[in-house]
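A.B. asks: Letter by letter, the chains look like this.
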Amino acid sequence: MNRPAPSPPPTKPALSDRLRAVARHRMVWPALALALILIVDGFVSPGFFAIRIVEGRLFGSLIDILYRAMPTAVVALGMAVVIGTKGIDLSVGSIIAICGAVIAWRIHAGDPHFVILLLALGAGLLCGMWNGLLVAVLEIQPIIATLILMVSGRGIGLMINLIYGGTNPSFTSPLLQGLSVGHIGLVPTRLIVGAGIFLALWLLVRRTAFGLFLEAVGGSPRAARLAGVNARLIQYSAYLVSGLCAAAAGVILTADTHTSDPVSEGLYIELDAILAVVIGGGSLAGGRIYLGGTILGALVIQALTTSILTSGLPPEYNLVVKAVVVIVVLLLQSANARAAVVSVLPGRRK
Amino acid sequence: MGENGAGKSTLIKVMTGAVRGDAGEILLDGRAVRVDSPGAARAAGIGAVYQEVNLVPTMSVTKNLTLGRQPRRFGLIDWRRARAAARQKLARLDLRIDPERPLGSYSVAIQQLVAIARALEDDARVLVLDEPTASLDANETQRLFGILRDLKKRGLAIVFISHFIDQVYQIADRITVLRNGIRVGVGSIAEIPPLQLVSLMLGHELQEVEQAAADLQAAPTGEPILTATGVGRRRVMEPFDLELRPGEVVGLAGLLGSGRTETAKLAFGALRPDSGEIRIAGRVVLAPSPGRSLRLGVTFCPEDRKSEGIFAELSVRENIGLALQARRGWLRPLSRREQDRLAREMIDKLAIATSDAEKPVGQLSGGNQQKVILARSLVSGPRVLILDEPTRGIDVGAHAEIVTLIRGLCAQGLALLVASSELDELIAVSHRIVVLRDRKKVGEIRGADATRERIIQTIAGA
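Chains as they are written, first to last, in this note's numbering: chain A, 36 to 385; chain B, 800 to 1261.
Chain B on its own, in the form it takes in the complex:
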């Protein structure tokens, strides 16, 4: 366990030979082993699945499972044996899928399980999983846990990295806590109760954030700043109505695939609506596009930060300044001093962990990249902020910070649209919650009525 940037991923990369350690040794069964390449790690019996699935989506499951170690006959690949080996690997995880179909045709959850199947050599002794549940829903997570318990029973040691505290207590026997690249605690789950775990991770007692709806002020009643009337797009989202007022937080709730991201993107203009009308500050937006929305004071923080959010090669400073610069146009560049000031201000305000503002964003940890994207939106001086999964892949400390930040922004008169898969988070920040099911808006729940049960009932259609 550890916050973003605590060194979890680095530690396992050293363990699995992806990065070479420059001190210390690794003991396996009491014997020192040299793990200086992923191949050496595999040979020693250490299998690993990294945070991002490292498989080839266009190749079949069989090929993915046997890539690089295909059984050979007369120097050629023996596909019959390869298929048998693949089937055997899948069977071990109780995965009943067609191994000849391309991997990309399966859900992320299945792909994750295939990645685990690949990492499990016949003689594997240690399995390292970096955030394996980050993209899984509750059922899929339980299924994975069933498999992990089974593997555990068969004598496999498992290193499970996660920021989901509940999950760690469900599956783990012992916890190691890291902070800023240092081990700050180790013990059995009985020795480290959740509260202590969190304070170890943060380095101080966690502030109480879940004061819930009580301290949300009454929903603002002013003129709406963003209005969507009958906005929809064929095969993407049924037409819906939406209003956002200054100082108001509207939540978007629904299951995976219910149209949360689509609704957010339609409202922003990242997806072009084919019906309906969007008004920003009373003005009808013709041909909505991100650039137009931005100039009218609407910004968007995407869920998929890797492909839609960050510019890995560009520095923290350039990433933060980009949206404001896009709003000003190419002929009015921000001076370097202004850029530096904005970057410094945001690094302090959002507590972005980076050595300096010139570091390429690609070298930051996931949660800090998320903060940089948020900073980019804030710097552009928005009146409406649309956040898609603002806390995805973020640890508890940063999570609380972002919730606090959202409330602060709304107190300053910003209008926020927040799409999230975490109901508690939505309930904690929203004045109103729009509920979606199967790409359709099915309800809107206000203020104190917005309880977990009520939302789940609406989603379920009861």
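For reference, chain A alone in the conformation it holds in the complex:
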């Protein structure tokens, strides 16, 4: 061991190195994209950044973006964990529908609303256990395994409604609606709930070794097993996390609409969630989890939607503009595309 290490002794990084390190940081690109969208909005619609207090709560486009992005962001956080293990969870929209049906059913049955909240989350956990069973124990490919619940989940929701003969039953619940559309002080409650979920998940992933194990399993399940990680259990728990996150979003969305509508509630939310993860720097190849980036990704998606609506463009443009922005963000993240851009700029090549 007396051969000197061939690497040169560490020196203080130069400014350009530090700049490059910043540019290489995954969060920079989604943050730039978000900033760009907001700046354009500021030009297009004056007063975009104005935040007023109306009826004792905060109002304004920025608050609106945060408010509307929250359910997708929470679903996307769970998705980020699953994608980190090289998996995917297509069933999140259906889990939301099932939670909605469970809430409406139990309110109809007259349970205390606090218990109903726990039951809804429990339903999500149960869905996660089902997905985890298929993926981690039976070793079915995640896209197929979660497709099963994605397809059947909305049917299950309708069947739950049938238990007591309800079709799109509406309800009121001070507790659940308080969580969804209420506000504590000036701040909408759901933003506080969302921040709480983010914090809890961040602590779980980054302050325990759970995140390292998730990323190890996502990077190479066989290597993780040989290194002593219980790869199955880790994979299984990723789907539990995703199920719980979807259930939390389900509570918010259901309470917001005052009704259980299993056919359309949370429809296509899995696609926005996957997109948010990818914009946030995650790769479907697994191995890395970026919770902060995922939140930014969800905000990028919602900011786009909101700005198209406030800019006066016909809402029909929404999906196409979204697609274009997504392509640009993903190109910015691609090392190859960045290199191509840099090589075209004169005098920038070393």
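Treat the hints as calculated values from the structure; they're not laboratory data.
Be careful, since some hints might not be right.
Covered stretches of chain B (in silico footprint by chain A; criterion: 3 or more residues with CB under 8 Å from a CB of chain A, positions within the stretch not fixed) [claimed, not checked]: (1) 883-897; (2) 1090-1099.
Beta-carbon label-pair distances, calculated as ranges [stated by the list, open to error]: (3) G91/A with K1158/B: 49 to 55 Å; (4) A358/A with V907/B: 41 to 47 Å; (5) E1157/B with S187/A: 32 to 38 Å; (6) G1029/B with W237/A: 21 to 27 Å; (7) A375/A with E1157/B: 24 to 30 Å; (8) I179/A with G1207/B: 46 to 52 Å.
Bear in mind that the values here come from a model prediction, so they are computed numbers and not experimental data.
C-beta: ideal position from N, C-alpha, C; glycine also.
Assemble chain B onto chain A, guided by the hints.
C.D. replies: Structure of chain B alone, referenced to chain A:
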């Protein structure tokens, strides 16, 4: 020639357009050629086979050979001509295989030859081979050399990258030596004798490592730390007995496919035995698994580092800390400072060539990845270390280091089980050598009896 991380692979990637060079020019027949993509390299007459075979195992040999340049008729693929072209390419290498079978159904050696056949365009002038013999046995290597000599006679220039010194002297006319990304020597094989080659590669005189069995202390006689009794698995490995004592190195010898890896994995619990009993430190291990073995102080360094060893996306630090973390469980995370300390310590101790501990392991060279896996095992505080091919794909310098390291560990009271295809290496480190043939333990040779001849005789069943 050059050590791991010397820049061999990078150099040929620049030569073949896989990576764009940012200075200098490439001359072919005295004319500068622009090689900025693999396609351009091919058009210029430079064919390359990279270290890892880049073919599609599920497709037929024909498809692999013609992929991307299928002959066309009316815009459709002309499979008749494609087959003819494939047969012709195979014939040039004297390969008699059925081109319609999927490539994956052939041995790695054949796949390697198919990769060479693919790289050889009709008008190829230069052939670049990156470690072509890494996964070949001696016979297959000689066959490849026969083909290479034949190609040489037909006027093809060949760049042969290898860390097998003997092979280079067998096949090469001239040697270029790289170290840390710099060319440190070039000359004909007569001008650079082996000793000088090695010192050029290392930057100093090679220490004598092969002092062999003489300085191995007498085999320890204490209580065994790991005992396997009648452990086996149907269709994988016949039941075998194995004992490992603290401070002892046991070698696993045998031909390719004789069950070396299987024995190691069964002892570790990576393969679940369906018969027999494993005891670690006197305790019977029920339902052996890697996690259980790890908690009892047994670690394993796999042979196939790419799919079973490294986490390419994770940093050197995270890779090194993983096994210890798995042993502690998810609720007791290692502090960042502790992780940094362990990583720094291991980078120094094993001389891992990396710019810093935060670099993703996937960006390290093969030999350094191997060292990271070894570091991961060592950090977890093992009592038993199972090494499967610890020096596979590693250059001479690192090879000597790992042999020295194994001896040091055993002097500290670790028990080691080392599976290797290199007999000399096994003889140099082992107190006992377990010999395997056809997935069965056929003998155990102790101390001074363990000579090359004796092992080969046992393998051959004489």
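A.B. asks: Confirm or reject each hint.
C.D. replies: Results of checking the hints against the structure:
1. Proximity of the segment 883-897 of chain B to chain A, defined as three or more residues with a beta carbon under 8 Å from a beta carbon of that chain, is not established by the 0 residues found.
2. A stretch counts as covered by a chain when three or more of its residues have a beta carbon under 8 Å from one of that chain; for the segment 1090-1099 of chain B and chain A the count is 6, and the coverage holds.
3. The beta-carbon spacing between G91/A and K1158/B, approximately 52 Å, falls within the hinted interval of 49 to 55 Å.
4. Between A358/A and V907/B the CB atoms are about 44 Å apart, so this pair conforms to the stated range of 41 to 47 Å.
5. Look at E1157/B against S187/A: about 44 Å separates their beta carbons, and that is not inside 32 to 38 Å.
6. Judged by the Cβ atoms, the range 21 to 27 Å given for G1029/B and W237/A is violated: they are separated by roughly 49 Å.
7. For A375/A paired with E1157/B, a C-beta distance near 26 Å keeps the hint of 24 to 30 Å intact.
8. A C-beta distance of roughly 50 Å is found between I179/A and G1207/B, which places it inside the suggested range of 46 to 52 Å.
Checked against the numbered hints above, the structure violates hints 1, 5 and 6; every other hint is satisfied.
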